[in-house]
Amino acid sequence: MDRVAHYIEALYAEKKGLNKKEYIDQTALKAFIPVVDDDVARILQLLIMLKRPARILEIGTSIGYSTSSMAKAIQTWDGRITSIEYDERVAAQAQENFRREGVDDVIELVIDDARKALPRLEPQYDLIFQDADKHLYPDLFEECVRLLKPGALFLAEDSLFPVIDLDPKWHDLIPPIERFNKLIAGDERIVSTILPVGDGLTIAIKKAP
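Under numbering that gives the first Met the number 0, the first residue of the sequence shown carries the number 0, and numbering increases by one thereafter.
Hints are computed from structural coordinates only; laboratory data are not their basis.
Since the structure is predicted, the reported quantities are computational estimates derived from the model, not experimental observations.
Some hints could be false.
What the hints assert, rightly or not - The calculated PhoX-like cross-link candidates involving lysine-lysine, where the alpha carbons are at most 20 Å apart (straight line), are:
| no. | residue 1 | residue 2 |
| --- | --- | --- |
| 1 | Lys71 | Lys14 |
| 2 | Lys71 | Lys50 |
| 3 | Lys20 | Lys71 |
| 4 | Lys181 | Lys168 |
| 5 | Lys29 | Lys71 |
Given these sequences and hints, build the entire structure.
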């Protein structure tokens, strides 16, 4: 973590509410895909409070830290989150975590391969957050654009994998993220940028037709 990240995290260290360390400590299952950092979770909550989405789609639940963070923001109005997770064991732990955090009433957890699940969904989402298997990012892009309402937000985690100091065991994830980044940067249907928080957070808006 660099000086900027250390400074930001120190500012919010004593703030009450959901945080990554406590969430993981309270999670019995320890073998899971890494979850978003606290700064990314805060940005998700801020964007949700600004946008006030009625329907959120999350692709890649893991143990539900990002899901819970978004759910706590959306609970103040009649919003819903649909979250897709491939691993049944991890999904079961996420569901337990949702109950613990008191957010299970606004989350629908779908256990399925996102490549199969997305084509069955209707284009009704005000916000999509993607943090699934990075190999799938390019393949899921068109479906994500289809599912977004005009003016909706599309967020994707880990988009700076090609340029950060990445553990060698994750190097095979660089090419698909690079392809995804080029797809989204060059697409005329959306306006996008990448924020240097966490491992990179893509923020995009689907243009009106």
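Outcome of the hint check:
1. Lys71 x Lys14: Holds, because 15 Å separates the two Cα atoms, which is no more than 20 Å.
2. Lys71 x Lys50: Given pair Lys71, Lys50 holds - Cα atoms ~14 Å apart, limit 20 Å.
3. Lys20 x Lys71: Since the Cα atoms of Lys20 and Lys71 sit roughly 17 Å apart, the hinted pair holds (cutoff 20 Å).
4. Lys181 x Lys168: Violated, at about 23 Å.
5. Lys29 x Lys71: The given pair, whose Cα atoms are some 23 Å apart, is violated under the 20 Å limit.
The structure fails hints 4, 5 (numbered hints given earlier, in ascending order).
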